[in-house]
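Peer 1: Residues in the sequence shown are numbered consecutively from 503, following my numbering.
FYI, nobody ran anything at the bench for these hints, they're computed from the structure.
Calculated cross-link-like contacts (lysine-lysine; reagent style DSS-like; alpha-carbon spacing at most 27 Å):
no., residue 1, residue 2
1, Lys595, Lys578
2, Lys666, Lys578
3, Lys746, Lys760
4, Lys655, Lys713
5, Lys797, Lys767
6, Lys587, Lys666
7, Lys875, Lys892
8, Lys666, Lys709
Quick list of the computed label-pair ranges, beta carbon to beta carbon:
no., residue 1, residue 2, range
9, Asp700, Asp777, 30 to 36 Å
10, Ser755, Tyr864, 32 to 38 Å
11, Leu900, Asp600, 51 to 57 Å
These numbers come from a predicted model, not from an experiment.
Beta carbons are placed, not taken as given, at the ideal position from N, Cα and C, and that holds for glycine.
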Amino acid sequence: MLFPMLHPKKMINIQRLTILITTSITICLLGTSLTLAKEKKPLPPKKFPPSPLEITVPDPLLPQTNNQQPLSPQQKRSLEAALDKLNQEAAAKLQAGDTDGAFSTWNRELRLRRYLGVLSEIQALQRVGAVAYTRNNRLQIRYITQRLQEIQKQVQSQNTEDLKILQALGEAYQEVRSPSLALEAYNQVLMIFRRNSDVTGEVDTLKTIAKVHLDWFDYPAAAATYEQLINLVSNNNDIEQSLKDLAYIYDRSKQPRKAIDARQKLSLLYRQRNDNAKLSALKLSIGSDYETLAKENPNFIDEAFTNYQEAYTMAWDIQQYVRAAEALQKLISLYVAEGQMEEALQTSQILLQAEERAANFYGMMNAYEQMGKIHLQRQENQSALAAFQKGLELAQQLGYETDEFTQQIEKISGRS
503 MLFPMLHPKK
513 MINIQRLTIL
523 ITTSITICLL
533 GTSLTLAKEK
543 KPLPPKKFPP
553 SPLEITVPDP
563 LLPQTNNQQP
573 LSPQQKRSLE
583 AALDKLNQEA
593 AAKLQAGDTD
603 GAFSTWNREL
613 RLRRYLGVLS
623 EIQALQRVGA
633 VAYTRNNRLQ
643 IRYITQRLQE
653 IQKQVQSQNT
663 EDLKILQALG
673 EAYQEVRSPS
683 LALEAYNQVL
693 MIFRRNSDVT
703 GEVDTLKTIA
713 KVHLDWFDYP
723 AAAATYEQLI
733 NLVSNNNDIE
743 QSLKDLAYIY
753 DRSKQPRKAI
763 DARQKLSLLY
773 RQRNDNAKLS
783 ALKLSIGSDY
793 ETLAKENPNF
803 IDEAFTNYQE
813 AYTMAWDIQQ
823 YVRAAEALQK
833 LISLYVAEGQ
843 MEEALQTSQI
853 LLQAEERAAN
863 FYGMMNAYEQ
873 MGKIHLQRQE
883 NQSALAAFQK
893 GLELAQQLGY
903 ETDEFTQQIE
913 KISGRS
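Sequences and hints are given; from them, build the entire structure.
Peer 2: Structure, rendered in structure tokens:
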């Protein structure tokens with residue numbers, strides 16, 4: 503079918519008409535979009551829901567009086583009994599699996615606890631905060647932390663220094679895992695004790711501060727706190743514990759030199775007491791510290807040998823053969839590492855005696871295995887064979903895996 507041909511002028515008019523219609527539609531659509539854009543308001547930013555601890559709706563448990571008026575002693579006792587019941591109800595709901603209901607009841611209790619005084623409220627916040635943490639209820643932790651901060655601001659604004667309140671705040675912050683806020687409260691407590699020249703309070707607070715640092719693996723801050731403690735304490739038991747904690751911190755923070763310094767001070771204390779049991783254990787730790795240092799500076803290896811030998815002789819003298827065996831094993835490892843095989847073999851024979859006296863049959867079995875391997879390195883096949891055979895006998899008696907011994911025995915026998 504043939505289509506009629508249009509005149510060129512008519513074609514131009516149609517094209518113009520099409521352009522005009524398209525432009526009009528575009529303008530209309532654009533205008534509509536702009537109008538809608540003006541009418542549509544931007545969405546407000548997301549906000550956390552208001553804290554249930556700040557709800558001000560009157561509660562039937564409160565007396566029908568002005569909220570600003572303090573409660574009488576009788577009213578406080580009645581309210582306290584009612585709040586204790588709420589706490590029990592919340593705990594029961596939690597145990598029954600109603601977590602939301604439990605915290606809703608606890609929040610009601612917490613709102614009302616403030617009518618019993620600041621200290622009572624903080625202690626309740628601490629209690630519920632501990633539960634919230636174990637349940638990983640982050641929103642509840644946020645509410646409790648915010649309320650604790652509000653209480654702290656109120657206390658500071660009143661320019662009062664109530665030690666019990668500040669200490670309670672520190673404990674509560676710890677329960678909701680806010681170490682920086684806890685330390686802020688404890689440092690205020692520390693300042694008060696120092697102004698009052700209360701050394702006992704200062705020492706106790708420094709111990710608490712050190713523990714907070716340790717719990718959050720802030721070893722430099724913990725070490726600095728223990729250094730302060732050592733300069734303050736006079737009781738030998740306190741000195742001992744502080745030095746042990748300090749050595750532990752330096753171990754964890756990979757500072758063997760400082761760990762040695764702390765343990766050397768501790769060794770003086772043990773020598774004064776003639777406490778060779780603790781001193782031998784301490785010598786083992788010092789030897790290990792020197793062995794760590796020897797990895798970078800071989801000159802320290804002699805100090806490691808000396809301390810291990812002292813640990814062994816002290817433990818042997820007081821018949822602590824298990825610890826003596828531990829020190830002897832350390833010596834053997836060092837002798838082998840240093841290529842001193844004769845000394846390693848002699849020490850292994852002493853180790854065998856220590857294990858026998860400790861009645862440690864597994865230790866005896868391992869000692870025979872170790873002696874066999876040293877004999878092999880010295881190409882003393884018959885002596886190695888005898889050691890492995892004795893080790894095998896013990897392994898069979900103990901019901902222990904015997905493959906290691908039988909393989910060594912077969913290997914040696916094949917060489918003969």
